[in-house]
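I would like the entire structure built from these sequences, with the hints used as guidance.
In terms of the numbering used here, the sequence shown opens at residue 545 and continues consecutively.
One or more of the hints may lead you astray.
[Claimed, not checked] Ranges of calculated distance between the beta carbons of each label pair, as one might list FRET restraints: (1) Asp606 to Gly582: 22 to 28 Å; (2) Arg621 to Asp563: 51 to 57 Å; (3) Ala564 to Arg621: 44 to 50 Å; (4) Ile569 to Ser599: 19 to 25 Å; (5) Val585 to Ser565: 34 to 40 Å.
Bear in mind the hints are in silico, worked out from the structure with no lab data behind them.
Model, not experiment: these values are computed from the prediction.
The beta carbon of each residue, even a glycine, is placed where N, CA and C say it ideally should be.
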Amino acid sequence: MKKRPAKRSSGSAVLEGVDASLLDIVDHVLTKGIVVTGDLVLGVADVDLVYLRVSAVLCAADRVLGPRAKPRPARRRPSIARKLGS
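As structure tokens, this is what we get:
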């Protein structure tokens, strides 16, 4: 199965209007979402010792969980009086 290349959009598309405010940018990020990735390599004397790849998805929770996601019911913890037999 052939993997399709991911569509990448530039940050300038968000800021294309001169009147773009911080609220517009935050609204766009929460509506569409963004992915932030980074690589970190720790090494000594040109020898790579640790390679770390970090990815984060920033978007509204309802975008990730979907419309059917329901909150879990709270678990009731038995009271201390019941545990002691009172």
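Hint check results:
no. : hint                         : result
1   : Asp606 to Gly582: 22 to 28 Å : 26 Å, holds
2   : Arg621 to Asp563: 51 to 57 Å : 52 Å, holds
3   : Ala564 to Arg621: 44 to 50 Å : 48 Å, holds
4   : Ile569 to Ser599: 19 to 25 Å : 21 Å, holds
5   : Val585 to Ser565: 34 to 40 Å : 38 Å, holds
This entry satisfies every hint, going by the numbered hints stated previously.
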